[in-house]
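Asks: The chain contents come next:
Protein chains: 2
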Amino acid sequence: MRAGSVVSVNAKLHTVTGRIPIDELTPRVPGGKFPAKAVVGEIVPFEATVFREGHDKLGALLTLTAPDGSEYEHPMELVAPGTDRFRAVVRMDAQGTWSWFVTAYHDEWATWMHDAEIKIGADVDSELMLQIGAGLLKRVGGQEHVIALLEDRTRPAKDRWQAASSDAVAAAVAQRPPISLVTRSAEQRLGVERERAGVGAWYEFFPRSEGAKRTAEGWVSGTFATAAKRLPAVASMGFDVVYLPPIHPIGTTNRKGPNNTLTTVDGDPGSPWAIGAAEGGHDAVHPDLGTIDDFAAFVREAGERGLEIAMDLALQASPDHPWVREHPEWFTTLPDGSIAYAENPPKKYQDIYPINFDNAPESLAAEVLRIVEQWIRLGVQIFRVDNPHTKPVWFWEWLIRVVNDRHPDVVFLAEAFTRPAMMQTLGKVGFQQSYTYFTWRNTKTELEEYLREVSGRQADWFRPNFWVNTPDILTEYLQFGGVPAYKIRAAIAAIACPSWGMYTGYELIENVARPGAEENIDNEKYEYKDRSWTKPPTGRITIEPYITMLNGIRAAHPAIAQPRGTHVHASDDEAILVFSKHIEGRFTENGEPDTVIVVVNVDPHSARQTLIHLDMEAIGLDATDGFTAHDLVTGESWEWGRDNYVRLDSFVEPAHIVRVQRKSR
Amino acid sequence: MRAGSVVSVNAKLHTVTGRIPIDELTPRVPGGKFPAKAVVGEIVPFEATVFREGHDKLGALLTLTAPDGSEYEHPMELVAPGTDRFRAVVRMDAQGTWSWFVTAYHDEWATWMHDAEIKIGADVDSELMLQIGAGLLKRVGGQEHVIALLEDRTRPAKDRWQAASSDAVAAAVAQRPPISLVTRSAEQRLGVERERAGVGAWYEFFPRSEGAKRTAEGWVSGTFATAAKRLPAVASMGFDVVYLPPIHPIGTTNRKGPNNTLTTVDGDPGSPWAIGAAEGGHDAVHPDLGTIDDFAAFVREAGERGLEIAMDLALQASPDHPWVREHPEWFTTLPDGSIAYAENPPKKYQDIYPINFDNAPESLAAEVLRIVEQWIRLGVQIFRVDNPHTKPVWFWEWLIRVVNDRHPDVVFLAEAFTRPAMMQTLGKVGFQQSYTYFTWRNTKTELEEYLREVSGRQADWFRPNFWVNTPDILTEYLQFGGVPAYKIRAAIAAIACPSWGMYTGYELIENVARPGAEENIDNEKYEYKDRSWTKPPTGRITIEPYITMLNGIRAAHPAIAQPRGTHVHASDDEAILVFSKHIEGRFTENGEPDTVIVVVNVDPHSARQTLIHLDMEAIGLDATDGFTAHDLVTGESWEWGRDNYVRLDSFVEPAHIVRVQRKSR
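These protein sequence lines are chains Y and L, in that order. The opening residue of the first sequence carries number 1 in the working numbering; numbering runs sequentially from there. The opening residue of the second sequence carries number 1001 in the working numbering; numbering runs sequentially from there.
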């Protein structure tokens, strides 16, 4: 900004308020203790409330400093009359910590243009106004002929004013605007992470099931080598990340049996979350799966297919974990000398000891860091953290900061299904993304509210990952909704949220729950499952092509990767949900706006017809515009406008996923 | 708090997050740069979001440090399940800056009580649980017999647990609770000002009109001495503050004539806001009103009647102001050598020069401070600041801070009718109270929304003063609503808002506007008015008794003085507004809850009957409770419950103002 020095009047009179107040800067994490978040490619609205006394015009400028120190300036525009809210929208193009601030200033030329037009038009103080204009132009430099005209009293005032309002003068003024009262906001921080920190399609499978076989002698576990054979199919479905439940040795003490029973028979593999045995703990791999080198080879093979491996980080130990013997201080020893089990009284989880973070926090923290560093060395860049909300928040703040300082590409996903305060705070202190309540938001109203919530102000610090199912969650909606329910949930998750995920078997509509539980029967958590993907049972339903289509739409439409701006539109039916993702043309590679509209019947048991009412402004159109709606599900096309008839039969196709093709003008 | 030292683990590992997260502390001014606000007698909800990992119980404690350094502790309670929001409600009883913080801790006894009840009930780990309980009690001290019982393995476990759950043990534990993981929040500030900073009934009159007489030679101005004769009537109507438009010498250059005309005739007094003449500026009094000593006597006489004088602080100057000659640097000099008039192009206000705060801010600030100090010495403790939003915000932050540091009782009221960002910020930087949009909120829906807004989070920094009219504002609602409109607006303002105000003539239903303007015709701003209060024109309507009644209700009901907790209730009629003010018995002198319910027909042209539906919890009752409703307007009484029939004829009485008399239990 070519300006005088920042006004110092307030420093002398010791006020907090600058010459022009600049307030409520966003993106920002409430409390101001942690930087706001974005990812590379994210389109970020930088905003501030800027206002001043009286009627004179002000201007606001965003100054961004990239991680490499280069500076960029973006003029900010008033968002809406009366709000005093100014905005500049920028696509972040480099990873690292950016800093930014807002400069506000008295825009003397705009003030003069406004006043001169009115006053000279009314012939009030015309000569004086022209004299002021000439003075301003002298500060701009050049424009000698215009200055001469402004000062030429032989000519009519209106002609002289006309000369000053030319495009050429405007361009010169824009280069060196005459400004004053320059005020600078405090500096803000924005941490820009790699794209995968906020955008990706996740697929979860149990490596021991992939290639597992039941033989006459009992089950033979799958291995990293057999599991790797599944990777091409996962990649061709369009997923980006494969998340593995824990791969470590599993304790034998109080091992859980099939369907979460307390008794086991020989060969029952136990829950992978009961980590640690004689063979090792969090730094070891289960011998049935292979060796550490086999794991590294699996990670490499995934990488060659464009897949990243997300590893589970579950900080708890089976009673057989080496930590129990070597570091009893990392657990809670009871007055009777025993170590406390995990429990939620009266329930006890006797295959697990929870960690105590208060006895020896520093040595424990060092050990966890050592383990995480080991897996990072072996190629892991993503950790899915099991139940972070049962460990102290400070620990995650510390771990994520220290790891990211050394390895800025490492991503942590919080598996925190708990109250809002904890979930939001885990995002604020550093978790790159989080599981969400999406799984339990099934009605139109619930979904409308939730989509608005996660794509609103929260996007500054909380990145949702919409999982449609997990080994722990098979909702009633899925249990009783049949194939339509599975399509509906996948379509909403994949298009509404930059990150979504599914647990294997979803594509096969595995919808039978263990009686009394909200999870699959014969759960892979406790037993092997023969995932003979190469030979699917004849006649078995699969929605694999539907999933592949959804991930294909994600890849083709950059709007879907944006965390903000999910817009909910109206429909006249209580089960027809309508939402859009939209980005303006200046942010796309081909200069065309990218707009996807989802119209979905969230009732899996019905066919419905209704009118939908699009908020045209939210998708970059005028109220009277028309466009061609290409349904990416069926290949059909329609001519749409603001109000459109739709009919969605859940038994056929429950959702339109519409690409908007604008009319050429 | 009798506790170990605050946990320092995070200091060692350098985290921002404490052992137990404590966040979103309120009351608080967003941004954290200015202290939150309260007045003496205000009931303040101190809140924080406090949560931790896992299932163990936590406790939260509010520690308040009074201005004299004494410390008070208040246990905080969970506001609602799932919110993690803890609250302690305290009536502030001393003026000055309070500091406060929240301490969170692991409540070991509560955790044990919860777990022991469940586990011993299910006979799980009973012996171990009793051993843990005994250990906790040993830390409490005393209770030897209970400890012996807990350790007596010859007795049934349930009996031993019973012994530990007695009231006596609970009392001992409350004295010395066994706690750990003690975490302290950052310290917060709360500025507690005198009551009048937030609570008061204001009355505005022009002293020159009070006692003014039209004689054969023209008008004779009222004086401080004649105006003082009006004070007893104002006091007996129950007002607390008399606000005077500027009392300084008035310029003659471009003086405004009657009804805002640009021409005057001899004897036209001019607008009091055109401050400054040969006789002096902001530090002088208009010679027609008397002398500085007369003014001081007027202030003293008001004080003897329980009235404070609010003085106008209008920082602008007539062209005849001594500043113009002595300090041209405090104005804007144009290129032609003239001084800029106030203007909003193409309109010019040629009787006024606005102040320029940028040429010589320090000398100007010193001069304004000198003037304010002079009037404070003469007994003024309240300043009504004219158009603060046309001066830089930093100036007010500076002035109010400097003045209040020396004179903590001084109150500044902002006459800022402008966009929300400026109005809110003036409150944040220090203005004790502000004019509001109330004047233009006339429908039920508008009022419901506005009452919720001003009594919500904003109460931490923005204190509304509901004026029903001013010399500048005579709304269409008043112009065309007759006597009912005047009663409706006064009843809402006086009961809903801790501060309300009216400009003289309101009680006489002066509702004729100057054509094309939203203000009274023959406005006192530009001419004398014969306010012959002692001899009212025969047959003239007056609602003086109604006003007196309203102020009487205010005096009798402390709930009305509270800025928070205005609760809006439902009615089935689109014009019947229902709201209540309520405080719990522990905050009243007699230990009884204080509850006032207003049911008002905001349509001044109708009689309406409908059902109203009270949110009984909001007034401290159960859904099925009944109470006696005493209408303080008519003296009638009814038996009311949750749902009640009302009939309100605006032409008779548009409002019920109900005192709630609870049934004795």
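If you are wondering where the hints come from, they were derived from the structure by calculation, not from laboratory data. Please note that a few of the clues may not be correct.
Unchecked claim - With a cut-off of at most 20 Å between alpha-carbon atoms, the simulated DMTMM-like pairs for lysine to aspartate or glutamate come out as follows:
1) L:K1229 to L:E1117
2) L:K1012 to Y:E367
3) Y:K57 to L:E1343
4) L:K1057 to Y:D294
5) Y:K348 to L:E1117
6) L:K1391 to L:D1358
7) Y:K663 to Y:D625
8) L:K1012 to Y:D405
9) Y:K347 to L:D1056
10) L:K1391 to Y:D56
11) L:K1348 to Y:D405
Please read these numbers as outputs of a predicted model, since none were measured by experiment.
Asks: It remains to establish, for every hint, whether it holds in the given structure.
Replies: Results for each hint:
Simply put, K1229 (chain L) and E1117 (chain L) have alpha-carbon atoms about 74 Å apart, too far for the 20 Å limit, and the pair is violated. Of the pairs offered as hints, the one joining K1012 (chain L) and E367 (chain Y) holds, with about 16 Å between alpha carbons and a cut-off of 20 Å not exceeded. Proposed proximity of K57 (chain Y) and E1343 (chain L) is supported: the alpha carbons are some 14 Å apart, at most 20 Å. Our distance criterion of 20 Å between C-alpha atoms is broken by K1057 (chain L) and D294 (chain Y), whose separation comes to about 44 Å.
Taken as a hint, the K348 (chain Y) and E1117 (chain L) pair is honoured in the structure, with Cα atoms around 15 Å apart against an allowance of 20 Å. Using a Cα cut-off of 20 Å, the hinted pair K1391 (chain L) and D1358 (chain L) holds, with the two alpha carbons roughly 10 Å apart. The straight-line distance between the Cα atoms of K663 (chain Y) and D625 (chain Y) is roughly 8 Å, inside the 20 Å bound, and the hint therefore holds. For the proposed pair K1012 (chain L) and D405 (chain Y), the alpha carbon gap of about 18 Å is at most 20 Å, so the pair holds.
A threshold of 20 Å between alpha carbons decides the hint, and for K347 (chain Y) with D1056 (chain L) the separation of about 14 Å falls inside it, so the pair holds. Among the hinted pairs, K1391 (chain L) with D56 (chain Y) is consistent with the structure: their alpha-carbon atoms are about 12 Å apart, no more than 20 Å. Between K1348 (chain L) and D405 (chain Y) the CA atoms are separated by roughly 60 Å; this puts the pair beyond 20 Å, and the hint is violated.
In summary, the structure is inconsistent with hints 1, 4, 11 from the numbered list given earlier, while agreeing with the others.
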